[in-house]
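Trainee: Same order as they appear, the protein sequences are chains U and V.
Each residue of the first sequence is one higher than the one before, counting from 1 in my numbering.
Each residue of the second sequence is one higher than the one before, counting from 1 in my numbering.
Source of the hints: derived by calculation from the structure; they are not laboratory data.
These numbers come from a predicted model, not from an experiment.
Just so you know, even glycine gets a beta-carbon here, dropped at the ideal spot from N, CA and C.
Between beta-carbon pairs, the in silico distance windows are:
(1) U/K164 / V/E39: 28 to 36 Å
(2) V/W278 / U/D40: 40 to 48 Å
(3) V/K133 / U/K159: 26 to 34 Å
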Amino acid sequence: MKILVSLFIATFFLVSDSGAQKIFATRNAKVTFSAPNDDDVTAVNNEVTSRIADNGQITFSLLIKGFKFKYAEMQDHFNDQYLESTKFPRADFKGNITNLSEVNFAKEGSYKATVSGDLTLHGVTKKVTVNGTIEVKAGKPAVNAKFTIVMSDFNVSAKSVAEKVNAEVSCQYQ
Amino acid sequence: MIIFTKRLLAIVCLILTTQMSFAQQVDLFKMQDSTNAAEGKTGLQPVVNTFYSTRLVNGHTVEITGKGSMDFRISHRFSPLNLGFYEMFGLDAASMRLGFDFGLTDNLMVGIGRTTFFKEYDGFIKYRLMHQKTGNGAPLSITWEGSWAYRNLKMDPTLKVTGGDRTVLTTQLLIARKFSDNFSFQVSPSYTHYNRLLFVSGGSTDMFAIGFLAREKVSKRISINGEYFLQTQRFTGMHDALSVGVDINTGGHVFQLHFTNTQGMNDHSAIHETSGTWGNGDIRWGFNVSRIFNLGGKKIR
Chain U
1 MKILVSLFIA TFFLVSDSGA QKIFATRNAK VTFSAPNDDD VTAVNNEVTS
51 RIADNGQITF SLLIKGFKFK YAEMQDHFND QYLESTKFPR ADFKGNITNL
101 SEVNFAKEGS YKATVSGDLT LHGVTKKVTV NGTIEVKAGK PAVNAKFTIV
151 MSDFNVSAKS VAEKVNAEVS CQYQ
Chain V
1 MIIFTKRLLA IVCLILTTQM SFAQQVDLFK MQDSTNAAEG KTGLQPVVNT
51 FYSTRLVNGH TVEITGKGSM DFRISHRFSP LNLGFYEMFG LDAASMRLGF
101 DFGLTDNLMV GIGRTTFFKE YDGFIKYRLM HQKTGNGAPL SITWEGSWAY
151 RNLKMDPTLK VTGGDRTVLT TQLLIARKFS DNFSFQVSPS YTHYNRLLFV
201 SGGSTDMFAI GFLAREKVSK RISINGEYFL QTQRFTGMHD ALSVGVDINT
251 GGHVFQLHFT NTQGMNDHSA IHETSGTWGN GDIRWGFNVS RIFNLGGKKI
301 R
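Extracted from the complex, chain U is given alone in its bound form (with noise of 0.2 Å):
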């Protein structure tokens, strides 16, 4: 009998310590992206989908309509003649952290981290790759990134607004 409670007691220990992989998410993931050379493009995507587990995953959804735009004539033609929102209503990356050991999920701190993974946009995939921090405060990560992506890349053809656009992540996972 003790066996069995003593069992019973390391089947816990086992399960809470080592058990499932933490995944931890937001629904409210801030994209922002600007043009560098007119500081009347840029808009914000506030409702950006995001998970991130402790095996070096990380995903990102967003609806390419969620952009918001300080003009609505800008925000039309960005959805109508850019992005073409209704035939590719999504953006999403699935990417991996390349240099997983030396971020710890569990211990408090800012970690420099480089992920790697696809990016599509506009029907496109592409591969990219990012910098960026991830902090971790109160056992719950942050991530913060700056990146540049070339539309034509993407088969966007902007050239008359912007060639390539700076674009900035930012968030607060659960």
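Since the structure of chain U is provided, determine the placement of chain V on it from the hints.
Mentor: Same frame as chain U, but now just chain V:
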């Protein structure tokens, strides 16, 4: 007992390891795919760009000028083609309208304009009642439009024309659906009230018509448009207005080029005061240029 416990231990360990390996297999990539698939079915998004502009040729479309934007519109209708070479097929003379439209909220806009045709001032207000949505959302966009026009042309003083006599009111209900990325169709029942019939005769002071507007996009930036207003009753010598045209959308500018048999460019004159017919060659070349200026945008965070 001990043997039994050992077996139990083995079984528990086995279960435990399988559970753990299940846990390891949780894949965020697959998780994202299934979330996206589930949201794709319920996501309702308002349909944008049912038409490229707030007018198709003369008729109002369901579109509303964006909040904080001013749309400066210059419209020309040249003389009829059948005037021949001496008048350069109508290009020697033109009627013109200058207009300023303002987007006040996401669903409300107002506009003012001045036309050389009968020296008219006009103003209108337009409100979107319903916005077509993707998925299982609203199937139609519905916009209400009301306009006022004032004929300022000098008239024989013996007619004793008052300001009220010079005023014409029109209201339209614009009902449109964007059937596909390329094809949109609109029906616009319209009612016009003349306080006094001044330059027209026959008909009545209360005139009804129904407009049919259609556009087919042939490329990302170019659409072919057609517009026809069917009247229930016509003034003497007046006909229904039929127009065909092309929109070129450059982003910020919309150039609208068309052929039409009507000379007026505001509601009542375009719908009810069309003296030419296509059969006689009373066809006018015309264009609208729409230029959007951003006055004050909304704050983005």
